[in-house]
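K.L.:
Using the hints, position chain P against chain U.
So the sequence lines, in the order shown, correspond to chains U and P. Numbering follows my numbering, in which position 175 of the first sequence is assigned residue number 248; successive positions increment by one, without gaps. Numbering follows my numbering, in which position 15 of the second sequence is assigned residue number 10; successive positions increment by one, without gaps.
Simulated from the structure, these hints should not be mistaken for laboratory data. Glycine included, C-beta positions come from ideal geometry on N, C-alpha and C. Relax, there's no trap hidden among the hints.
Stretch by stretch, here's where chain P covers chain U in the computed footprint (C-beta under 8 angstroms, at least three residues):
1) 112 to 126
2) 134 to 147
3) 151 to 160
4) 175 to 183
Cut-off 25 angstroms, straight-line C-alpha distance, at most; resulting in silico cross-link-like pairs (DSS-like, lysine-lysine):
5) U/Lys146 <-> P/Lys233
6) P/Lys218 <-> P/Lys233
7) P/Lys322 <-> U/Lys205
8) P/Lys218 <-> U/Lys146
9) U/Lys138 <-> P/Lys218
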Amino acid sequence: MTLLSTHHLQVSIANQIVCRDLNLTLQSGEIYGILGPNGSGKTTLLHTLANLHPADAGDIFLGGKCLSTLTPKHIAQQLGILFQDTTAVFAQTVFEFCLNGRHPHLARFAFESEADKNIAAAALHAMQLIKKSAQYVATLSGGERRRLAIATLLTQTPRVYLLDEPMNHLDIHHQLQVLQHFKQLTETARATVVMSLHDINIAQHFCHSIILLFGDGTYLQGPPSLVLTEENLSRLYQCRLTQKFAGAQSVWLPDYAL
Amino acid sequence: MNNKTYCDRKPFWVFIALGLIAICSVSTAIFCGNHQTNASDLFHALSNKDHTLAHDILFQLRIPHATTAFVTGGLLALAGALMQVLVRNPLADPYILGISGGAGIATLLCMLLGLNNVWLIGGSWTGSLLSMLLLFLLTQRQRFNHSQQLLLTGIALASGFSALISLILLTSPDNLLRGMLFWLVGDLSATHLPLLASAILLLGLLISFSIARDLNLLVRGEKEAKAFGVNTLHLHWKLYLLSSLFTATAVTLAGCIGFVGLITPHIFRLLFGYDHRYLLPGSVLLGGSLLTLADVLARNVFFPQTIPVGIIMVLLGIPVFLFLLQKSSAS
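Isolated chain U (complex conformation) (with noise of 0.2 angstroms):
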């Protein structure tokens, strides 16, 4: 099932091309990645398909109505994005953070239930951040707090996950753990995942579809196994990339001595 399209969609940002002419099917079930250089317009383009950057031309389809006629509300309720950095200007607790992820489900006057806070302690024990739910955020590490981003956007329970480098701060052990978290939201809620992501061996292991965007609105899209060439990389990189094999698994590895 198609729960995000776009049609003919031009983004730019401060007079740069993003994307011309962007046609995408984003199905439910599915894990798709963004790869490009710096400043090519990843964060940008996961910001339109949000409705949080305006596009120039083109149109972008949420469960096949037009993102444009729908309230921030309803957005809300099916798609959730996850920012590069979070902020907390005033001090709150972990717990109440996540919470609050919980908003665009309830009506105006609302406080959250019960049922609300077991999915926010439910989110925080797979971020394995229960145990500090009592912290204040200021208290937290790099790492923590985007776990705690992490685990405010699944307590917004949408069905469209659009992370900007979901990877960021995060451990190894936590990056595993977060990938595995969204390839089983996949599976099990159908959900569907887009994340721009630097590096390329997530990207050839856990995406389903792989979109490289150049930074001269030009892009390509497919599955990895056709998108991810040394050809590709190297011209999205503008350095050499080859791909080694470890056994079963197969590695993209840079020229480190240049």
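P.N.:
Only chain P this time, still in chain U's reference frame:
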């Protein structure tokens, strides 16, 4: 799973305590004073319809005075709490952002023209709304660090307004000057109940409460809030309109009183957390109590000389604020 342990702020007891503080402060303001009447006479006059001296003092002096102080404090605290979210900075309040200043200029001009009370309220709201609009227009183009820009612009506007106020005062006729000056530093000598202001406070609190959860998310940033389903455009307009209305109402009631709007939300946050569903009504109760108590001091410390309550509030507010600032930077 027991979720109670994670979010146990005990809001029920907090509001019982704040309610008691509010009642105590208002009763203190009503029954304590250096006048020729004692508290028992006044208490007796409460139920007695005879027009004794105690009765007159109670109904024409003390009760209007105490309620005006409470409502003004509540309005300023509420305006401060809303503005701190609007500029996403804990340093904001109507006084610092120049909104009080804009309202002050408009009110002083109305006073110069000898206009009556209704005009003063209208003029004051126009003044605060215009300064709010000016602030908005000056910072609207700014895409990055928008909230920081908003705060800096507000501070710049506030100094400009205070210079203009001095200019108006210097060029005003002597017979109006004392009244203007007294009003400007915060003067609560009302002789009638602040019915309109109370209605604005209650209705405003209800509307503010309806956007309280949106405010919890707006402190994370505009895009972040929108991603959680907050209609940030509508929310910003509501915040601009509500906070300027509250400021203007407070300014017409009692002049430019600083620090209540700034410190009240801080005290509440330090003690009971940041959730705006509790913070907004809590700030009203706490701000009202603070200003009422400041007013009791203002009337009694140098009796028979009454000091404008604004001066007491700032003198008391500065040490409290500095203490809180030290405490929060230490933790």
